[in-house]
Structure formats: structure tokens, C-alpha cells
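Sequences listed follow chains A and B, in order. The first sequence begins at -3 in the working numbering and counts up by one. The second sequence begins at 1274 in the working numbering and counts up by one.
If you're looking for bench data, these hints aren't it; they were derived computationally from the structure. Computed from a predicted structure; not experimentally measured. Worth double-checking, as some hints may not be accurate.
[To be verified] Now the in silico label distances, taken between C-beta atoms and shown as ranges: (1) A/E733 with B/S1346: 41 to 51 angstroms; (2) B/E1352 with A/E500: 32 to 42 angstroms; (3) B/H1296 with A/L371: 28 to 38 angstroms; (4) A/A720 with B/H1296: 55 to 65 angstroms; (5) A/E12 with B/K1283: 16 to 26 angstroms; (6) B/H1279 with A/S16: 37 to 47 angstroms; (7) B/H1296 with A/D298: 11 to 21 angstroms.
Heads up, the beta-carbon is just placed ideally off N, CA and C, and yes, glycines get one too.
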Amino acid sequence: MDPTACPEITDALLDEHNLSREEYQRIVELIGRAPNWVELGVFSAMWSEHCSYKSSKPHLMTLPTQGPRVIQGPGENAGVVDIGDGQAVVFKIESHNHPSFIEPYQGAATGVGGILRDIFTMGARPIALLNSLRFGEITHPKTRYLLNGVVSGIAGYGNCIGVPTVGGEIYFDECYNGNILVNVFSLGLVKADRIFLGNASGVGNPVIYVGSKTGRDGIHGASMASAEFDDKTEEKRPTVQVGDPFTEKLLLEACLESMKEDWIVGVQDMGAAGLTSSAFEMADRAGLGLELNIDQVPMREDGMSAYEVMLSESQERMLFVVQAGREDEALTTFRKWDLSAEVIGRVVEGDRMVISHGGRTVLDLPVKAVVEGGLAVTRPTKRPANLDDNQKLDLTKIEIPDTGKTLKHLLATPTIAHKGFVWEQYDHMVRLNTLVLPGSDAAVLRVPGTQKALAISVDCNSRYGYLDAYTGGQIASAEACRNVVCSGAEPIGVSNCLNFGNPENPEIMWQFEQAVRGLGDWCRFMDIPVVSGNVSLYNETKGEAIFPTPTIAVVGLIENADRHCTQNFKREGDRIGLIGQSLEEIGGSEYLKLVSSEIKGKPPRLDQALEKNVQALCLDWIQNGHLASAHDCAEGGLAVALAECAMSGEEMLGAKIILQSTLRPDALWFGETQSRIVVTYSPDDEAQLIAEAKKANVPFEVIGTVGGNRLQFQLNGDSVMDEAVVALNRIWTSSLEEYANRVG
Amino acid sequence: MLAKIHVTLKNGVLDPQGKAVHHALNDLGFAEVQEVSIGKYLELQLDGVSEEEAESRVRAMCDRLLANTVIESYRFNLEL
Chain A
-3 MDPTACPEIT DALLDEHNLS REEYQRIVEL IGRAPNWVEL GVFSAMWSEH CSYKSSKPHL
57 MTLPTQGPRV IQGPGENAGV VDIGDGQAVV FKIESHNHPS FIEPYQGAAT GVGGILRDIF
117 TMGARPIALL NSLRFGEITH PKTRYLLNGV VSGIAGYGNC IGVPTVGGEI YFDECYNGNI
177 LVNVFSLGLV KADRIFLGNA SGVGNPVIYV GSKTGRDGIH GASMASAEFD DKTEEKRPTV
237 QVGDPFTEKL LLEACLESMK EDWIVGVQDM GAAGLTSSAF EMADRAGLGL ELNIDQVPMR
297 EDGMSAYEVM LSESQERMLF VVQAGREDEA LTTFRKWDLS AEVIGRVVEG DRMVISHGGR
357 TVLDLPVKAV VEGGLAVTRP TKRPANLDDN QKLDLTKIEI PDTGKTLKHL LATPTIAHKG
417 FVWEQYDHMV RLNTLVLPGS DAAVLRVPGT QKALAISVDC NSRYGYLDAY TGGQIASAEA
477 CRNVVCSGAE PIGVSNCLNF GNPENPEIMW QFEQAVRGLG DWCRFMDIPV VSGNVSLYNE
537 TKGEAIFPTP TIAVVGLIEN ADRHCTQNFK REGDRIGLIG QSLEEIGGSE YLKLVSSEIK
597 GKPPRLDQAL EKNVQALCLD WIQNGHLASA HDCAEGGLAV ALAECAMSGE EMLGAKIILQ
657 STLRPDALWF GETQSRIVVT YSPDDEAQLI AEAKKANVPF EVIGTVGGNR LQFQLNGDSV
717 MDEAVVALNR IWTSSLEEYA NRVG
Chain B
1274 MLAKIHVTLK NGVLDPQGKA VHHALNDLGF AEVQEVSIGK YLELQLDGVS EEEAESRVRA
1334 MCDRLLANTV IESYRFNLEL
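The following block holds chain A by itself, in its conformation from the complex:
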């Protein structure tokens, strides 16, 4: 096709570009003529949901993004939060769902590569990776292949580049059978006054392409990520990109070295929509134009068209704008690291992007029209018709089962089972800053050269969101904060990755709106800013949407790294206390799914004021050195939390739990009431802690004592469970590993 020819506009062509008739009309209005091939491709990518956030933006605007620690909020490659002493953390969570479903190893690997570039583009050295993964039921024929592929891909990329994968979470549910989720988080450290932004300012400054050569990888990845899957998706397969972590390592070091110099004006990585989005967004932020020559772009293959070069999503590439006259220094630095580096254009007056190829102008567009001209979309919302039905739960039909047997079954369910076989494949200790290894409530990392540490948690229970999207968003963020608090950290910033179905369906859009409102309410209540994030819509296959999955990453700061806390029981004779109060809440629980195969009822409520007090009290106790362990109650409730405390230390320790309660026993042991933390402490502190809890108006109950090698539960005077911790541990640690390693 002739790049400068205006294509004949048919519905099929617009469909291929994921543009509506209205959007096409809008393009013609904005530029005063019909677009040519290249321009149509550029509009298609830039106006895709993935790049433009057209459905989600009005809702995202409601989130709190400001705070005294915030240096950079949403809108850049990643968010930046001050941690004191002239240092800052840069972090973001991002999805790579669609590519990972098509090619799990490369999809997950390039997801890791992409998020790392977002961090070091800002001038920060990445020190941690986490991931939040969702797979279908383990009985689904593709699940094992996808699980193993994704985990190997994360390990392959992260281990090669030498950034530790320190934590994460994995859930399994039928709703992800046709759409897995791969959300990847990274955090980097930077000097607070050495942060680099994606800004193409300074007329006359050269634009430099750095990194791998451009191939025909992932052309139209952004549009693919904004479309539902159907049976034909398989044919889109050749668009999968392959990652090269060794090149990324070179790119990382080259960037950080060049950022010590004074000639960088702006920098942005080429992520979704590649050269197109980085060039347009950098120009837009500066309010200037660019002139680029495609002939100068380093290419891996012969005969690539301008269309392909502009839309390629080849990995490990960056776009720099440097001071005029300093090009040679820049090129020398980059080439020293064995990277392709070429001046491909300059910043110019005005507001137009002009791109030439083979001596011809192949694109000439006003920057603003492309970046901000997309139609504002106000998607209608509608409360799901089946919600009332789903929220109905008749507990009288559920017989109360044996506590010990049920606990064992729960420990073997894939969502609760120990994830050791996963994180043992990840290098979680490289760079030697990991204080709390994967498997606790949050990962904890030392901040080198200081007394400080950082705690990070990613979390989301999508069943809650399915049953009540508002509460789901609220609990995801509150629980991620609680995890960080259990490690002894004060939450200082949030990043979110909002995974939903097709936004053109009003019921999905309703879920989205509600979940964002829940997230926003909690963050406002706690005064924690949302500084970065990503939205992944169209997670649907043949009309079957995933449950709303607003994955929340929370970063917390520990001023004194010695005072961090872990979840496992530490000493014989320690007392066990429960902060918070158990209620009769079984709806949406892992237990309910186990005994009835249903996801029904109302999810646990979140009392924001209580949650805040519970977290404040727990944090205060950890900071004052009272607690030997702290662990929040999540999936599987109190019983699973206690079992995890007993099993997860290097030395397993049992406990005797004695409860008095009028609740249904299954709700007491396995219900998932929020705002509960299991803590242990020396008996000497007991009177003081009880008095402090009373003063803080937080329910606190002494529930038992650590000791022995058995986990014993007593309720209202009767022994209801007595199991060897080793036996529980065997079930917990073996189930997922055996599943993953099975052949056939």
C-alpha cells in the first residue's frame, strides 16, 4: 500500500483499526482532510482504549492524587513519592494480559521488561518486581500451560536482568478461563532532584532513538489489547513480541549512566504503540512539534513500511531528546553499551508532527489532535441485572462441616496453597536488599545506605468485586494497606491496575465506576495518593467477562528497618491476640466456594473507621517493638491465617486457640471478615496491649498461646481440631506444586 494514499474507508477497514465511524468523522474534522494509511494507523493506536483511556478517564479523575510526599502523580511513565533524605521511590503496576494469554512466556517476560523501562526511564534504578496473576480453574485444560509459561517468563526476564521478584499473589477462578491476568509491578529508587520526564522541549534539540532495532513485532498491540477475544484471535498471533533481557540490562545501565550527565532534556520508553505514542506524547507535553525521519530508525528487517515502523512494538527501545550540540556525547554513551542509537529528528516550532520516509512526507498531523482529540466517551452504566440474585445466600442450606477437614481442604485449594514452587523460580534476593522474602503479607526491602525499609503488597479479591464492585475496590485497597502495615510500614502511595470486561457493556462500566469509587473512598479516607496505574479493559472472551479485578499495589515506608515484622509465630509461650472482630460473613468466601461451589452472597463489609484504627494500632505496636508477628486474615479466614502463622516460619510452631463465640462456627473459623489481624506478643505485655486497644476503641481479644507442634482449636469448651502442623504444612506446600509439575 502507498503510505501517502488515502485508503478507501470501509467498515471492515475501520473495524481492523478499532475505530468507529464517528471517530473517523472526528479525524477528518480535526485535520481537515482524509487521513492517509500511516495516519490512520497512528490514530487507531493513539485513540485505542489502551493509549487514550477514553472510557476510564472520567472515573480516574475522581481519585486522590495529591499529597505532601507526591513528587509526580499519574500521567508520566510512573509515579514518584518522596521517602525523605533526598530520596524518592518510583513505582507503577501495569497489565500484560492479552499478550500473556496468546504466548504466556513471552507475554509475561515483555510485561516485566515494559514495567522496568517505565521505572528507569524516570531515572530510577529498579530494585523490586512483584506480580499479581489470575488464572482459570485448575481443571481447565489450558491453565497449567498458562501458569507455567507465565511464571517461567517472569523468572526468565527478571532473573536475567538482575532485579529481584520479591512478592505477589496468584488466584485461580473460572472467570479467568478465557482471559488470564498478568499484572506486573516495579519499584525503583531515585534521588528526589534527579527525576526525568517525557518531555520534548527546546526547539532544535535532537530526538534520539536508543535500544534494540525495530522489527515487525506486535504491530497493533495497543489495538489488540483493546478488543475482545474471539475464535479468530489465534490468527493475530504473529504480533507477539519477544523480549531480550540482556539488551534491557544494557539499556538500563546506559540510561542511568547518561542521566548523570546534564544533556538529557526528556526521555520516554516505547511501550504500547511504540514510536508513535512516545513521540506524540513527548511533543504534546512540551507543546511543540517534531520532525522525524523514518529512514534513520535502526531496523531489523528489510523493506519495513512507515506504517510498520511507527506501530511496531519491538521491545527494549527508548526515545530521548537531548540538548542541541550534545548529540555526539549522547550517541557515544549509548553505543558504548552496544545499543543502536541514531538521531532520528528534531524538535520544531509549532505543534505539528511531520514524518518523512524515503524522501516523502508520510505523516503530517497536529500533535494535540492526535493526543487529546479523541472523542470523550461517557459510557452508560447500569447495575447488573443478576446482582440481587447473586447477593442472595441461604446459609441454612449449608451444613456446618468438620473444622479440621475443612481447613485441610482450604489449605489445598490453589488460591490459598503455598506458592513456593512459583517464587523459588524467581531470584528474590539478587542485590541483597530483601528483608522479608516472598510468602509473607508484604515484601520488605532495605533502602541501601539508610535505616529505612520499604514494604510492598499487591492485592485484589475479585469475588468481592463481582458481588459488590464498590466494596471490592474498597477492600482491595484496604487489604493491601493492611498487608503493608502488618510488615511495620506506613502506607505512602498507591498504584492501581484496573482489569475489567468490555466497557461498552453498561453493566461492566457500572462495575468499573463502583470499584474506582471504592478505591477512591478508601484512599481519600486514609489520605494516601494514587500516583500511577493502568487500565485493562475488554478482558472478555465470547461475552464472558472476568470478575472486576482492581489490583492494588501499596508501597509503605518503615523508618527503622530493624522494626519490620513478619507473619510467622516466633517464640514458645507467646500470647496470640486478634485485633478486630469476627462477624458472620461467609458471602464470596473461599470457604463458601469450597462447600457449595458457589460465589454468592454479600462480600464482607468494610468499616473504614474501624479499619483505620485497627491498622493504626497494629502499626503502633510494631513500631514500639511489642509484636513478634502480625498476619492479616484474608482468604480462608481466621483458621487459615492461624495455620499460616504456624507453618510459614523456618521453624514451625504450633498453637492452642481457645475461643468463646455465638457465631456459626464455620463463619468464625473461615469467614472473611475484614479489619482483623492475628498478632503475637510476650505475655508480659498483655495487660498494656489490652489497655491500649481499649483506649483506641479497637476490639482486641486474647485467643491463645504459641507452643508445641500441633495446631489445636477449642470452641466454647469443646476441642474442634487437633492437627500436627507438619501434616497441615505438607498439604499446604504440595498441592499447587504437584499440580504444576504434572505432565499431560
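On the provided structure of chain A, position chain B as indicated by the hints.
Coordinates of chain B only, in the frame set by chain A:
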């Protein structure tokens, strides 16, 4: 019967391994090398199948296990 199978990356798919070997060869002074692509070679000893059956079974083996058909293509021949 012997099945000889070659599995290679599809056209246009990035080949980091080939890139690394290319680089090393150039460093060793083999400047004439312009491009390197790396794949794998497998030999399967088959017994008790006709040539026709073997053809379709080897294809199934490649599709299901030996090649990642998302990014790789394969070709094979059978020797009696």
C-alpha cells in the same frame, strides 16, 4: 523410522540467541557473518507406524509439544 525435525523461529520474530552469537562471531573476527538465526534439531526414532501415520503423528507432536507454534515453525522429514 527416523524423523528429523527442524524447529526455527518464524520470520520477523526477534532471536536474542542468534543476536548474541552473531555479536560473538563478529568479535572473533568473522566479519563476513551478516545474520545468525538459531533453532533446534530433533531426531525421533519411530517404530511400528506406517510412513503415512508417522507423518501425521510427528506433526501432532510438533504442534503439541516440540514447537511453540505461536513463534516457531517446523519442518521434518522421515527416513526409513
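Original post:
Failing hints, ascending?
Top reply: Numbers 1, 2 and 3 - these are the hints that the structure violates, sorted from lowest upward.
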